[in-house]
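Colleague: Sequence:
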Amino acid sequence: MNKALDRGDAAQTNNTDPRILHARTLKSPYTDRSDFNNLITLYSKSNLLSYSLRVFNQIPSPNIVSWTSLISAHTNSPLSLRFFLSMLCHPTFSFLPNQRTFASLFKTCASLSYSFTFGLSLHSMSLKLSFNDKPFCGSALVNFYSKFRLPDYAKKVFDEMHDKEEVCYSAMIVCLAQNSRCVDSLSVFADMRRRDVASTVHSVSGALRSAAELAAMEQCRIIHGHALVAGFDRNVVVGTALIDGYGKAGHVFDARRVFDENVSVLNVVAWNAMLSGYAQQGDKNSVLELFHLLETRGFSPDEYSFLAVLTAFSNAGLASESEKWIEKMRVRYGLEPGLEHYTCLIGAYGRAGRLEDAEKIAMEMPFEPDAAVWRALLSSSALHGASDMALRMAHRLLEVNPYDDSAYVIAANVLSASGRWDEVAAMRKMMKDRRVRKEGGRSWIEVKGEVHVFLGG
DNA sequence: TATCGCTACT
1 MNKALDRGDA AQTNNTDPRI LHARTLKSPY TDRSDFNNLI TLYSKSNLLS YSLRVFNQIP
61 SPNIVSWTSL ISAHTNSPLS LRFFLSMLCH PTFSFLPNQR TFASLFKTCA SLSYSFTFGL
121 SLHSMSLKLS FNDKPFCGSA LVNFYSKFRL PDYAKKVFDE MHDKEEVCYS AMIVCLAQNS
181 RCVDSLSVFA DMRRRDVAST VHSVSGALRS AAELAAMEQC RIIHGHALVA GFDRNVVVGT
241 ALIDGYGKAG HVFDARRVFD ENVSVLNVVA WNAMLSGYAQ QGDKNSVLEL FHLLETRGFS
301 PDEYSFLAVL TAFSNAGLAS ESEKWIEKMR VRYGLEPGLE HYTCLIGAYG RAGRLEDAEK
361 IAMEMPFEPD AAVWRALLSS SALHGASDMA LRMAHRLLEV NPYDDSAYVI AANVLSASGR
421 WDEVAAMRKM MKDRRVRKEG GRSWIEVKGE VHVFLGG
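Number 132 in the UniProt record's numbering belongs to position 132 of the first sequence; there are no gaps in the numbering.
Errors might be hidden in some of the hints.
Below, in silico cross-link-like pairs of lysine to aspartate or glutamate (EDC-like), each with a Cα-Cα straight-line distance of 16 Å or less [unchecked claim]:
1) LYS360 - GLU303
2) LYS155 - GLU165
3) LYS328 - GLU303
4) LYS328 - GLU295
Label-pair ranges, simulated between beta-carbon atoms [as the list claims (entries may be wrong)]:
5) LEU293 - LEU96: 53 to 59 Å
6) PHE299 - GLU327: 19 to 25 Å
7) VAL183 - GLY250: 16 to 22 Å
Quick caveat, the hints were computed from the structure, so don't treat them as lab data.
Here a beta-carbon is modelled for each residue, glycine too, at the ideal position from N, C-alpha and C.
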């Protein structure tokens, strides 16, 4: 930890109002620029952002550290990008951004949905200044590409980085996990261990998320063992990822053991992970029991808690129960049901064989049906041998998601069961025609080129 | 010479 943070933390723990320090700084004849720079950071850590800008404006001749302090004080806000542009456009001084400036800016771009091209041009600048292979910049850049769903670009940045330390690996592992590249994510985790780079709660929870998505029991166990050795097993996030992983792998007893061992530190997210583990097993009784316990312990159930309950009901085909809980969620808990809750409701009606009601809900609910809704209706109609409806739903599903091969598989099954071979063949042909050229995106080289053009380089 | 990056529940 560096000096500035030490000072900042000390001031916070002593409950010193930064404004007192500010007044002293202004009065003292010994004040230099670094005192102002520290104040900017101190104010932002105390959630007094407007004062950060005020201090900055009081600095007689701000330097790059002042600018970077101001920019990072406004991380995740568009103001941070504006300040950066002001700095570049400054008429009298020429400030060259450094690695820390870029690290903050990449973080901001990652958090703003509209700042993709801004991030690309920053990447180009950092390439020219040779910052993108530095650990701090590189990890922030990996995260940036991760948030914009470009894991291959992130991997390219990662591969070109020098001195990859634990945060770089964490960022990459988490990126691949968040983008459903589970096997790659686990292999980077393995690579990290081979190279003796320390793991962190971030990399461990990222790897666990991948193992969970793969429902890979063996990997969960291995990472669990590692978490125990590394002393991360009491961490809430790691614990939650373990509960989720064991649950998804179908080992609810292992999930429950982790849950019980850590219950004193767990929050509602962890409870939800346990609930959804039971729900995926179709263990409705355990879900309801745990839901009740959650309330007894003083937690408030949220949308995810209700989703777990409704998932269980959907798997069990409990239509009227689902209806009741949706109502309860809205009226007694003040939570508005989302698309996923309606999808469960539709699934429950469908599984119960009330296909028309299920379709009616899909048409009348306050959301546009998505692929999951059509898939629920498709599997329900297939389950009950309603081949006409199944065919219709398969078409709707393919309209929203032309690449969904499950549409073909499920519809083909029910159609062949009724001997409708011609329609199976037609379906197959339609799938082929729909399979338009997959646009895998432009190559890395192309994007790099574009970035240089963008900056006139 | 102060400023920086990565986690869990559909």
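Colleague: If a hint holds in the structure, say so; if it doesn't, say that too.
Modeller: Status of each hint after checking the structure:
1. LYS360 - GLU303: 23 Å, violated
2. LYS155 - GLU165: 15 Å, holds
3. LYS328 - GLU303: 12 Å, holds
4. LYS328 - GLU295: 14 Å, holds
5. LEU293 - LEU96: 53 to 59 Å: The hinted range 53 to 59 Å holds for LEU293 and LEU96, with Cβ atoms some 58 Å apart.
6. PHE299 - GLU327: 19 to 25 Å: Because 21 Å falls inside the window, the suggested range holds.
7. VAL183 - GLY250: 16 to 22 Å: For GLY250 against VAL183, whose Cβ atoms are near 19 Å apart, the range 16 to 22 Å holds.
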